[in-house]
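As a plain string of letters, each chain reads:
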Amino acid sequence: MLFILHFALFTLHFALFDGSRERFPTMSPQQSDSEIPHSGTIEFEFDGHRVRAESGQSVAGALHVAGEHIVSRSFKYHRPRGLLCMSGRCPNCLCTVDGTPNVRICTQAAKPGMVVKSQNAWPSVKFDLLRIFDKLHRFMPVGFYYKRMYKPRWMWPVWEKFIRRIAGLGTINREHGAEGVYDKQNLFTDVAVIGGGIAGLNAALAAAEAGVTVTLIDEQPALGGHLRHDPDLACHGSVSRAKTEHTADTAVALGVNVSPSDAQDINDLIRRVTEHPAITVISSAGVFGCYEGNFLGIQQGKRMIRLRAAQVIVASGCWERPLVFENNDLPGVMLASGVQRLLHLDHCQFPGEAVVVTDNAQGYRVAKQLKAAGTRITAIVDVRDNPPEMADGIRVFRGHTIISANGSRHVSGAVIAPLAGHPRQSLSCRWIVQAVGFTPANSLLYQNGCKLRYDESVDQAVVVQHAPAMYSAGAVNALHNPRAAALDGQRAGAAAASEVSGTALAAGRDERQPHSSPAASAVPLSQSSLSCHYVSPSGAKKKFVCLCEDVTEKDICDAIDEGYSNIETLKRYSTVSMGPCQGKMCQSASIAICARHNGQSIAETGVTTARPPEQPLPLGVLAGRALHFSLVRRTPMHAWHEKAGAKMGDAGNWKRPQVYSSITQEYEAVRQRAGLIDVSTLGKIELRGADVVKFLEFIYPNRFANLKAGRVRYGVICDDAGILLDDGTIARLGEDRFFLTTTTGNADAIDSWFRWWLAGRPEWDVRMTNVSGSYAAMNLAGPRSREVLKKLTDADLSSDAMPYLVASECKIAGVSAIVLRIGFVGELGYEIHVPSQFGLHVWEAILEAGREFSIAPFGLEAQRVLRLEKKHLLPGIDTDALSNPLEADLPWIVKLDKEDFIGKESLARAQQRGDRNKLVGFRLSESVLPDLASLVLCDGKLGGRITSCGYSPAIGGTIGLAWVPANLARNGQTIQIQVNGRLIPAVVQDEPFYDPSGSKLKS
Amino acid sequence: MVAQRMWQEHELKDQYDVVIIGGGVHGLATAYYLTQLGVRNIAVLEAKYVGFGGSGRNTAIVRSNYRTPEGIAFYDLSVKLYEQLAADLEFNVMFSQHGHLTLAHNEKGVTGLTERANTNQLMGVNSRIIFPEEIQRIVPDLNVFGHSRFPIQAALYHPPGGIIRHDAVVWAFARGVDRGGGHVHQKTEVTGIEVQNGQVEAVVTNRGRIKTKAVLNATAGYAGIISRMVGLEIPIETHPLQAAVTEPLKPFLNSVIVSSTLHVYVSQTDRGELVLGAEVDDHASYSLRGTLSFLEGAATHLLELFPHLANVKILRQWAGLCDMTPDYSPIMGGTPDVKGFLMTVGWGTYGFKAGPASGYLMAELIASGKTPPKLEPFALTRFYEDRLVGEKAAASVSH
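Taken in order, these protein sequences are the chains called A and B. Using the working numbering, the first residue of the first sequence is number 52, and each one after it goes up by one. Using the working numbering, the first residue of the second sequence is number 8, and each one after it goes up by one.
These aren't lab readings, by the way, just hints derived from the structure by calculation.
As a list, the in silico DSS-like pairs of lysine-lysine whose alpha-carbon atoms are at most 30 Å apart: (1) A/K186 to B/K257; (2) B/K377 to A/K992; (3) A/K198 to B/K55; (4) B/K381 to A/K992.
So the derived list for chain B, only partly shown, Cβ under 7 Å to chain A, looks like this: (5) P76; (6) R278; (7) A306.
Just so it is clear, CB atoms sit at the ideal spot from N, CA and C, and this is done for glycine as well.
Starting from the given sequences, assemble the full structure and let the hints guide the process.
Structure representation (structure tokens):
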């Protein structure tokens, strides 16, 4: 408790301290006004104040112009965070937009009236009291929560309550849900090309020109890849910092006969792709998953596209990775490509001075682009000793790296030093721009089972074995030079097309691999300072590896020292790469640090498993329009039931009448006159063929060989373990023609069950048709039902002509019908199946014909009592996953002398060991109605449970079915049922409670 | 400060008193409780790294509101052991007992839950049926009264249920084994088991041969393969089970919510992520690849329960392997056919919540040679004697 008090004081103190820091001078709104054309400006709200944006500008770009450089607070330490990648990958710009939490505002176009709020800060993003945690980091080392807060035991719930108050990022808004139309689309293509950069464009064109259909998916709103934000890339060469560079010349030397000039005019290339009739371009769309069988999941706004592709070419490129140095998370520290996107796509500027840290040509390009936009470049800090690039008069520190960023809420300077670490010097700057290489976007390759291996010579993982029907091209193959990427794309496109059309492109060569295999031309590194590209020499301040989770380099090393040395265990313990960016920013560095600290190579260290989705994916997009996920099934008589005022209930997806008037009135109609119930929801299967009898003998424990044409029989279905799955009737309509019913709930399961067993017996002549939806069905029951039906048919319904268990086909009310003389409710009855479209007609005709007998429709609730009086069980209600027919009071149904049937062995064994539990009928001694599933107790221990019960008018008391130990399953035995904590005696009864002889049923 | 290592790396000895195959919660818990009983010359062999399999892939739900008296007694022991685990192992495993709700959307569901509530109460487990008003009070964000295809009718409320930090449990047990004198060998794969005259004699690994008289099969996914090494067939079918996690959100959901009608369950971690899952995939498979249809189904069903989560984003999905037995209960104990071969397998979708109880009782069995009464119902022989422990109704989607 004392600690909490201290904590509170410390918080207050620190808040004042933090708040008194100099606020970084930013452009005044007037200034920015003068730089943005007035036409087409819009306004939105950020944390309560208005911000102007150029139309088409991103929210992040507008905030940059407005001088709002702190856009979020970090997950653990609540440090200020600013724009970094500008490509929708890093976690820094997550805000709540119009009530939706965790939106990346760098890829979100600003819209008029939009309400943007910063997250994870209190009271505000500029002034966050919880930044106290940044100062308390000593008390919160990696995994500290595993080591504290559990003693004494009651402390954890107290701490947890506190933790749950501050955890998480965005807040859910209970008033906000799905908005607009979520949609799904299914597409098919010969070749899917993922990525609209140089490699992807060339791949698409090459494949299309070879005569196959191509779908090109690109995540940006316009094609062009890196050329969109790095226009000088095409003329200046590579974005790679790799030691060995694969050039177009090597690719040409290896035999691709195309002109490298294809890559040079990007606009011409884009035009040719978009105008090609065989190419479909899907823009602003991300492929989030490559599932089994080249099944691509694509998100395009609120639409999900499921694309099945014969061949997939992954030309997804790469994203820039940050460097690990002290205070590397300060607002003002940006990736070079992020700076370029703000410059060229959002038309922003970077007033003040900038330091560019680099080890490749891109650093020089961004420096020149910044300079041209008015930024003063203090220096280029180049890790290399002899860079080939020209600096155009900018000061270059060769063989240097950055040690630290200075500043509290924004960069105010940089400390740099030679690679050895000394001497250090400070440079004044507002921006630190990092251009230190790329992480390939290869997760779709991993997802689909391609084998990749880290290749030191190109400093990235490359494919050593492709998954079937999958290709890779461009930067994912370590081909960062535009010309080489173009040729690689053409190779992959031509190869994929030839595989689709079945023509080999060039005999004897594996077209899956890039021709200039990076592994083949690998050269050993002269200086093994790879990790220093990611990680600057150690220092006192925090060096962030994982921005999502605030994991520092020290945290990773500490975790490894504690024994979490495996990359997967390290991830789970330190939480590195587990946040919203899923490792996109930290993967390269965390692996490098893990490798260095373990004394292993990067290849030995491995990578964590790539899992879909590749980018965060909204639940609403996954759900699509199916917000109320299952369709409602209605019988042909549904409207009639509703009009008659029936109370409807769910039965699986079906709606069924529960009760029309009252259970008592409906019960009386059936027992004394006639009643009609809609049973259209029953599963119905038609079987035809010479071997149907053989099949039925195998499926059912009953015997069917002796079932004559024109007869119907009750049957149950068991599984291998002899467990009762379902029941129903089997009617033999002709020699080779059978009509089966299943229960409503199991209709689909039994359909699958039959198909499963039939699939293994192709030699059997059994043709199966599921006719559940084709037939409407109704059950006419009661002592007057024969007289009712007689009015509607010419068929002879007399008990001699149509006795109990006869199946006949005749016309009812002018409609061809299958009529089964069966009686679930224990009266003279007819189950009538007619084509669905005539269901309502026949239903109304029967009710009309029965009017003179005071016929009444009855619902499920009355039926439940009626059948209970007959002790007819309901599978799944009166039975469970351990019930066999022997114990479920149906021993007569099991014919163990049959040659074979499903469950025979188990049932034989069960019969041998004797019954353990039995399903019995009981009469309760008191007039109470216990809940279903009330327990049967024997000497205070669990003996069984009741499965059905209800008031029986025939008995004048409560009756039911219950599972009891076999020794109690004797007629007249008293059992104890627990009702509201009280034991109530009940008496077991063997006979049905109504018409035990069955004379009414058979009349 | 010199970091204390969680566990040491050892040379593989050529003899151990007990060899445990599988470095997940069951193997490590058994090893830990063995060291507590004074059996210290033991080795846990893990082919990959500790917690690679189901122990690292499960959704960390702990509860004891099962259906059968045997199941309830067993899982209740596990909950009690979990409650004291942090203190026993001096490691915060973050057991959050914020309650577990199983929803019923139809009459059959209500009946099934009522039966469980009645049986739970009979066995002394805190569990009861609650109705919509109370459900809404406990979970304000749940769509109880709004439009729904299958409105919520009741729930089985189990206050001691909750979630735990599954990786922490595994690491803490591994450290406990290490401190107790046992060896945890990672990257050590078993390639064979030698049996002579019906008695286990040795285990062969990729790092060498180990003489031993007692082997415990504590694997999942591979349980059948290990058993076949001693010529034993066990009734197990392996199905993938998938799960997914969202981005972190400010915590709004404290309880675990399960709906078997909607085939979905969800909880929110202390980091703010929603963890969601469904039932096992229909068809037997060893594939660890997730499917799109799982994500679509889970999302659709989750939005039925929480419509305002439509813009919440999934961060990743994964799959694990579940060894399903015919009665949805595990197989624990020895076999009369091969002396010295023991197993704690067939843990289906309910293994993690049982880890401590399984380890505690298996350790007792191994140390004393006598089967503890709580273990007896789960013997392999039950499949030959038709004495199944039917937990399907309480275990299938009800994580």
